[in-house]
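Asker: Going line by line, the protein sequences match chains E and D.
120 is the number that my numbering gives to position 120 of the first sequence; each next residue is one higher, with no gaps.
1091 is the number that my numbering gives to position 91 of the second sequence; each next residue is one higher, with no gaps.
Incorrect hints may appear among the rest.
[As the list claims (entries may be wrong)] Calculated cross-link-like contacts (lysine-lysine; reagent style DSS-like; alpha-carbon spacing at most 30 Å):
no., chain 1, residue 1, chain 2, residue 2
1, E, Lys92, D, Lys1169
2, E, Lys12, D, Lys1099
3, E, Lys100, D, Lys1099
4, E, Lys12, E, Lys97
5, D, Lys1099, D, Lys1169
Just so you know, these hints were derived from the structure itself, not from any lab.
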Amino acid sequence: MKTVEELERIRKQAQAMTRLREGGETTKIVVGMGTCGIAAGARETLSAIMDELARRNIQDVIVTQTGCIGLCEQEPIITVVMPGREKVAYGKVSMEKARKIVASHVVNGQVVGEWVIPTG
Amino acid sequence: MRELSLHILDIAQNSIEAGADNIEIVVSEDESSDVLTIRIADDGSGIPAEILKSITDPFVTSRKTRRVGLGIPLFREAARMAGGDLEVRSAIGEGTEIKADFRLSNIDRAPLGDMAETMALLIVCNPEVNFEYRHTRGKARFVCSTNTLVEILGDIPLGSPSAVPVIRKVIKEGLEHVQVS
């Protein structure tokens, strides 16, 4: 059984996270985690993103998942959404590409043009 | 998919999309009966009866009912290839339970794979969902849940990227204790 204090702490953490997730001011990285994405290696891509963010101690970026967006042949797909800027989708994102995208686009604001894919 | 842990990740995504607050993932390996069972249960929105009838048919479910897709048929194939099968139970407003079983020793059984990675990512990317993961092997047993992990994490927020290596390590060590094959 949990103490009231423990439950309160869990609640506060969840609330803080929810606020962060709902806020429009934070950068978001969306990883395609449909069946097609996972089969193409999205778990490893997501791991690499989380690892790169942790290594750089970046706490204000939200990483979320989405399902199939109809571009299965381009999976793993990640989309970077930054406040006030057009969202950018990247295709066939390996672990290595994912680390580069975090460093270049998320941290330094430089889109990695050669890996960008057109979306509808 | 190469690993059963990837199927688990895939099926759990359906639970998340169904708005589940609680997701239970149970893996049991029983060498005496040569059976591996994987069960994923949620309290999400549930699957309408007319879709449930054809849920394991990839041709019926693939496009019109996109939110169901190919995940369940692929998981069922993985089970059938290894001398087992998959069943889906669901009720609108109550949730969904997916159970797959495999012959543990079947040569075509995919390896379980990296459960620590699957669970760590599910938990950190969905901090508002309460996960419970139970893994048994014979009499040995490992249990962890979002709540117990929050305690272990202390000041590290559950949804933070820094939580991933901590959770991965906890689960890895727990599974070593159970001697997962």
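Asker: Now, for every hint given, state plainly whether the structure supports it.
Answerer: Outcome of the hint check:
Taking the CA atoms of Lys92 (chain E) and Lys1169 (chain D), the gap is about 28 Å. The hint holds against a cut of 30 Å. With a CA separation close to 34 Å, the supplied pair Lys12 (chain E) and Lys1099 (chain D) exceeds the 30 Å bound. Between the alpha carbons of Lys100 (chain E) and Lys1099 (chain D) the distance comes to roughly 39 Å, so the proposed pair goes past 30 Å and is violated. At roughly 35 Å between alpha-carbon atoms, Lys12 (chain E) and Lys97 (chain E) are farther apart than 30 Å, so this suggested pair is violated.
A distance of roughly 27 Å separates the Cα atoms of Lys1099 (chain D) and Lys1169 (chain D); the hinted pair therefore holds under the 30 Å criterion.
Violation of the numbered hints given earlier is confined to hints 2, 3 and 4; the remaining hints are satisfied by the structure.
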